[in-house]
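Undergrad: Following the hints, complete the assembly by docking chain B onto the known chain A.
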Amino acid sequence: MTALLLARAQFAFVVSFHFLFPAFSIGLASYLAVLEGLWLRTGRGVYANLYRYWLKIFAVVFAMGVVSGIVMSYQFGTNWSVFSDKAGPVIGPLMAYEVLTAFFLEAGFLGVMLFGINKVGKGLHFTATLAVAIGTFISAFWILAVNSWMQTPVGYEIGANGQFLPGPSWAAIILSPSLPYRLVHTVLAAYLTTAFAVGGVGAWHLLKDRANPGARKMFSMAMWMAALVAPIQILAGDAHGLNTLEHQPIKVLAMEGDYRPSPAGAPLVLFGFPDSEAGKVNAELAVPKMGSLILKHDPNAPLPGLTDYPRDQWPPVPIVFWAFRIMVGLGFAMFGLGLWSLAARMRRKLYDWPWLHRAALVMGPAGFVAVIAGWVVTEVGRQPFTIYGLLRTADSAAPLAAPAVASSLLAFVLTYFVVFGMGIWYLLKLMHKPPEAHETMLDGTPTRSAGVTPAPAVLEGGAS
Amino acid sequence: MIDLTVVWAIIIGIAITAYVVMDGFDLGIGMLFPLLEPGADRDRAMNSIAPVWDGNETWLVMGGGGLLAAFPLAYAIILPALYAPLTAMLLGLVLRGVAFEFRWRDPAHRKAWDIAFPLGSAVATLAQGITLGALLQGIHVEGRAYAGGWWDWLSPFSLLTGVGLVIGYSLLGACWLNWKTDGALQDKAVRYAGRLGTALLAAIGAVSLATLTLDAQYYHRWLAYPGIFATALVPLATLAVTALFYRSLARRQHAGPFLWALGLFGLCLVGLGISIWPYVIPARVTIWEAAAPLRSQVFMLIGAGIMLPIILLYTGWAYWVFRGKVGHEGYH
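Going line by line, the protein sequences match chains A and B.
Note that this note's numbering has the first sequence beginning at 1, numbered continuously upward.
Note that this note's numbering has the second sequence beginning at 465, numbered continuously upward.
Derived from the structure by calculation, the hints contain no laboratory data.
Check the hints yourself; a few may be wrong.
[Said to hold, decoys possible] With a straight-line cut-off of 16 Å between C-alpha atoms, the simulated EDC-like cross-links for lysine to aspartate or glutamate are:
id	chain 1	residue 1	chain 2	residue 2
1	A	Lys296	A	Asp238
2	A	Lys433	B	Asp570
3	B	Lys575	B	Glu501
4	A	Lys429	B	Asp570
5	B	Lys575	B	Asp505
6	B	Lys789	B	Asp651
In this text, all values refer to a predicted model and were calculated from it rather than measured experimentally.
Next up, chain A with everything else stripped away, as it sits in the complex:
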């Protein structure tokens, strides 16, 4: 194992683990804002109870997101110092903006959101929830701006010392060609991830007690999201794919498994085992012309193949190929469940159809798997470059010896599996408990301070 490969393994490991938490907390923060808003508007206790139920889960998710995120902000320097030196003048300011406009906002209002319910009024508490939700979105914007620039770099100049320097327009750098597509696709993915997690939890409790008002409400809200957002996400994904074809054709050809050029229209490979040595997909199952129809909206449009490009610019094709199929397969499964829920709603069986609930339960973790698969498609698909077409991964790593990287990788793996393994166990424990009519706030909440008269407990909603 070389130091480079170990450094890549380490980055893949810590970023994948990290990504699970913001993917959940971006959606969950918005969901909590919706629940609190609905409670303030309608006064119905079911919303207050659901707010408190999911707030406990949010607190655990957010804590894990924060600590795994701090690791990320140092990973660029410890393991990818040459990349940091070269790209720092361009991407550094974007990350600084993320800290200034998002991290502080989230962290500053999180304490009030979690513990301040009896200390500030309803309006201010709702403001805190909104601030956290908006913060998660702003954070997604900046970090995806960085990632998009690395995928589709524009607006830079090359300095005499080999550094990437900002050109005259920061807007060009921030709004790089793939950003709009990546932002929409990723944020929708976070919403869907949360919707299916919430839906799975709701389904689990409906299977045990279909009269539970909290379970009914969360399941219904989650299935609305599934039915409405899953189809939009498929369209957004398609648009993102077309954008990638324009700027990173090699990545798309790897996703599709198109080794040879298709002058008369490319097939859609449904299944197979890509073999880059042989330059073909083994045991291929393909629909003729469908590939061109999807990518060019014309069945006869010619498409290049990977063999049209130098071999040393190919990503690891099988990984990209399979991760793409996992993501797309789950996307369509989500769409299917959304349609099923609409049918159930029309037949007034949304809460009384155990098979629908079982399916929703199975699909509970689908978003997380899809998000990681999608991340693998775009990041592994960018290989062998860190800054696409300009800076190779092999030329980006820190001058580290393999044993140093191996030791830290081992330390991260052990710590993450123990810590986040326990964290996920606690999440499942919280989710296992049904939502109740008098849901409590967080355990250990510093509810009041001696000498400060607490405001009336604002969110102590009635029975649902």
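TA: Showing chain B alone in chain A's frame:
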């Protein structure tokens, strides 16, 4: 024309100061944790920082992210040079950060997380102190990269700075508990603060003297005539602030000892600035050599100029919401 590189060095300095001011006491409470009685005392200590620890640690991200943005070359050299201590720091922060939430999730596991919390806090603090010492003692640089070995950071001096920071943060933690709690816990905090204050003064003295022997540049910077008339003010002020700290502690003031302890940290940072200015990597890379280009500096300055006052405003508000002594109610 204002030199934006200097402005950015000051902003990074402010971020590091803000980090030490805010996260120091909550790491310190982590390290004092094993000395507190299990049960109500530990819960109160934890709750006195639970609403704010996340914001406090964000300053560390600001320091790291800001260094990458404003001084990318320094970031690219320092982080690999301090690979092992920084990795340990991050893992320590992971352990202690999740403990805030996890210890409430399962009573059967609380004991384990009540060990993880001080362990992570101590590892993170020790690693930060070692990082400081390793920077001061010098980093081997060739071209645009770190060129030393993987254990270069480890030396008696860096261990001394590591232990010094453990003492210092523990002092801040004890002073915070004095401020935010009452009864027996507060009395205990006052006793700890008294002992830690003396220990910190000794550590500051030891680190200062050791620094003078590290490099001729430090020696001249501090002791050359006539500059010594200015630099001598720092140790004199340190003694004066220590005296005021003890007076405040003896009068059983609540906020006073914490503020004076912060004063001691402030003087240490001033001393650090005197030692290394205008280098970002002492004796190797100056702030101008490491600086990002003007366009990056200007763009970020706009953001920092608008956002930092707003951040300080709502951070202040968040502290104000949780002002006063931590009560006993609300625990399960």
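Undergrad: Work down the list of hints and note, for each, if the structure agrees.
TA: Status of each hint after checking the structure:
| no. | hint | result |
| --- | --- | --- |
| 1 | Lys296(A) / Asp238(A) | holds, 11 Å |
| 2 | Lys433(A) / Asp570(B) | holds, 13 Å |
| 3 | Lys575(B) / Glu501(B) | holds, 12 Å |
| 4 | Lys429(A) / Asp570(B) | holds, 9 Å |
| 5 | Lys575(B) / Asp505(B) | holds, 14 Å |
| 6 | Lys789(B) / Asp651(B) | holds, 14 Å |
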